[in-house]
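**Q** Chains as they are written, first to last, in the working numbering: chain B, 1 to 354; chain D, 355 to 580.
Please keep in mind that the hints were generated in silico from the structure rather than gathered at the bench. This structure is a prediction, so every number in the text was calculated from the model and none was measured. No residue lacks a Cβ here, since even glycine has one placed at the ideal position from N, Cα and C.
Here are a few chain D residues that sit away from chain B, every Cβ distance over 12 Å (derived from the structure):
hint, residue
1, Ser399
2, Ser428
3, Leu455
4, Ile465
5, Arg490
6, Leu493
7, Asn521
In silico lysine-lysine, BS3-like type, Cα no more than 27 Å apart, as pairs:
hint, chain 1, residue 1, chain 2, residue 2
8, B, Lys213, D, Lys556
9, B, Lys104, B, Lys4
10, B, Lys195, D, Lys457
11, D, Lys533, D, Lys520
12, D, Lys457, B, Lys213
13, B, Lys213, D, Lys557
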Amino acid sequence: MKLKLSHQISLVLASVGLCSGICYLFESYLGYHAVALILLVLTSLIATSFDIVPVVLAATLSALTWNFFFIPPRFTFHISYSEDLLLFLLYFFIALVNGLLTVKIREAEAKARDKEEKEVTISLYNTLLNSLSHELRTPIATIIGAVDTLKDAEMSLNEDQKVSLFQGIESASLRLNQQVENLLNMSRLESGELKLSLDWVDIESWIFSVKNKFLGKCATVEIQIHLVEGLPLFQLDVGLMDQLMDNLLTNAVQYGKSHPVIRIEVGMKNEQLEILLSDNGPGFPEEHIPFVFDKFYRLPASKAGGTGLGLSIVKGFISAHQGSIELNNLPVGGCQFSVLIPAPTSYVNLLKHE
Amino acid sequence: MNKSTVLIIDDESSIQKLLQIILESHDFKVIQATSGLEGLKLAASHLPDVILLDLGLPDISGHEVLLQLKDWFSKSVIMLSVQNSENDIVQALDNGATDYLTKPFRTGELIARIRAAIRRNATDQKTAQWTFHQLRIDLVARVVWKNDQVLKLTQTEFNLLVFFAKNEGRVLTHQQLLKEIWGVGSQMETQYLRVFVGTLRKKIEDNPNQPEHLITENGVGYRFQA
Numbered sequence: 001m002k003l004k005l006s007h008q009i010s011l012v013l014a015s016v017g018l019c020s021g022i023c024y025l026f027e028s029y030l031g032y033h034a035v036a037l038i039l040l041v042l043t044s045l046i047a048t049s050f051d052i053v054p055v056v057l058a059a060t061l062s063a064l065t066w067n068f069f070f071i072p073p074r075f076t077f078h079i080s081y082s083e084d085l086l087l088f089l090l091y092f093f094i095a096l097v098n099g100l101l102t103v104k105i106r107e108a109e110a111k112a113r114d115k116e117e118k119e120v121t122i123s124l125y126n127t128l129l130n131s132l133s134h135e136l137r138t139p140i141a142t143i144i145g146a147v148d149t150l151k152d153a154e155m156s157l158n159e160d161q162k163v164s165l166f167q168g169i170e171s172a173s174l175r176l177n178q179q180v181e182n183l184l185n186m187s188r189l190e191s192g193e194l195k196l197s198l199d200w201v202d203i204e205s206w207i208f209s210v211k212n213k214f215l216g217k218c219a220t221v222e223i224q225i226h227l228v229e230g231l232p233l234f235q236l237d238v239g240l241m242d243q244l245m246d247n248l249l250t251n252a253v254q255y256g257k258s259h260p261v262i263r264i265e266v267g268m269k270n271e272q273l274e275i276l277l278s279d280n281g282p283g284f285p286e287e288h289i290p291f292v293f294d295k296f297y298r299l300p301a302s303k304a305g306g307t308g309l310g311l312s313i314v315k316g317f318i319s320a321h322q323g324s325i326e327l328n329n330l331p332v333g334g335c336q337f338s339v340l341i342p343a344p345t346s347y348v349n350l351l352k353h354e
Numbered sequence: 355m356n357k358s359t360v361l362i363i364d365d366e367s368s369i370q371k372l373l374q375i376i377l378e379s380h381d382f383k384v385i386q387a388t389s390g391l392e393g394l395k396l397a398a399s400h401l402p403d404v405i406l407l408d409l410g411l412p413d414i415s416g417h418e419v420l421l422q423l424k425d426w427f428s429k430s431v432i433m434l435s436v437q438n439s440e441n442d443i444v445q446a447l448d449n450g451a452t453d454y455l456t457k458p459f460r461t462g463e464l465i466a467r468i469r470a471a472i473r474r475n476a477t478d479q480k481t482a483q484w485t486f487h488q489l490r491i492d493l494v495a496r497v498v499w500k501n502d503q504v505l506k507l508t509q510t511e512f513n514l515l516v517f518f519a520k521n522e523g524r525v526l527t528h529q530q531l532l533k534e535i536w537g538v539g540s541q542m543e544t545q546y547l548r549v550f551v552g553t554l555r556k557k558i559e560d561n562p563n564q565p566e567h568l569i570t571e572n573g574v575g576y577r578f579q580a
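Throw the hints in and build the complete structure from the sequences for me.
**A** As structure tokens, then:
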């Protein structure tokens, strides 16, 4: 955090005054040469975090203070010995140069950091453009190609071929929609504008609605739900929770077997909502596990489509709930995502009513 | 039987064309407006059975259209909105919209909602008995049967079910439900609603985890469907 210039100047005045005052009290033990070194240290410290004007002020002020209060004859700016005069001039010179150099180095460092950050942003942006142009253009190409073929009256398509083209258009549009949804969610997270809209959630009906919705778009998957009995209501943003479960399920299907079996266990651990989602897929290569939640990260040579946004959105939405997520390979094969979310609970659902 | 009339108020011509083809192929009569004011005029002159209303219009907002319709239009208004706009949806439902669909929507869903809306127009609000498949509600005797077996419902569960039945197919917001069941100014939170919907589901649904009657609309409220 940077202080205002006026505050910096007041702090310089105060610290030089205070330091000189303390030195003044102990002058008889220290000797006036040591006081110069102490003031020099103070000026150097000031230079490590203040702007150029306060630094020059500190150098000048401390030199004059040293001269006036410590160099004999004391309480005058007059200097009797030529040796002391030399020391005084050297002090002033060293304090000034030292201070200015430190400020310059700090500025150069800040510039280098900015440049580095800019480079990282540009490279992320390029990665995004690359994966996006692929992920958006592939379904668009499918749609345009299928529509052209269907419109072309010269082509003699049989019923099966037509059905297959229509199915192609359907799944390409759904894929496009999913990608746009992910992009919008990513920008909600990036803008920092994401506000939770919290609502009491009945976990049992929620988790089954997640399952039913997902089966509605992907019927080939088997989802087993294991629910601990007697769970309270949790206060969550159910829209975000739906999205993140959908992304986890999509991920499991994308990287899983041709007949994916997904097991979802919901319970409580340390007063937090715990969701364990495991699949029967090949698992993740151990060396990639630390990176799977990074933005745009995709397994090298992965054939499955994706922008590398899905899991980073999952992580973002969980962080918005102050929760955590981990990925582990299971000894029996497949992998397991473990989600923990701290949230207010209410046990009114377990009371007897009326 | 006369064809039912649907008024579409949407400024996107591609959506207008698409909706026209879908609706006409399902035997509805279609009227189209591309602005809010034109929509209000057409609603007054044609008295459609259902209005499909887009919230983002060029002249006045969809919310404004709803407020103006509220005074004299008693039929169903289905809103078309974009995803992740629960606040907008809740506001529109509180302003008198009866249902909503988020773009992009599937055709089957659209037709089902329009049919439910037309059925709702025809239902007599003053009836004392409702039948929804295996469910039978008798308002006078205050009894509910499921497959000819009497269900043991608490007072609150019964009131809730009756309010849902009166508004079949309509999306009811949390606020509307809380106000109806616990009265104006009630400080009850949605947690109580969750509880009663949960217990009601266990009694009326064949499989409470795959509800067919009492549907949750995330972040918005509930819909009761036959």
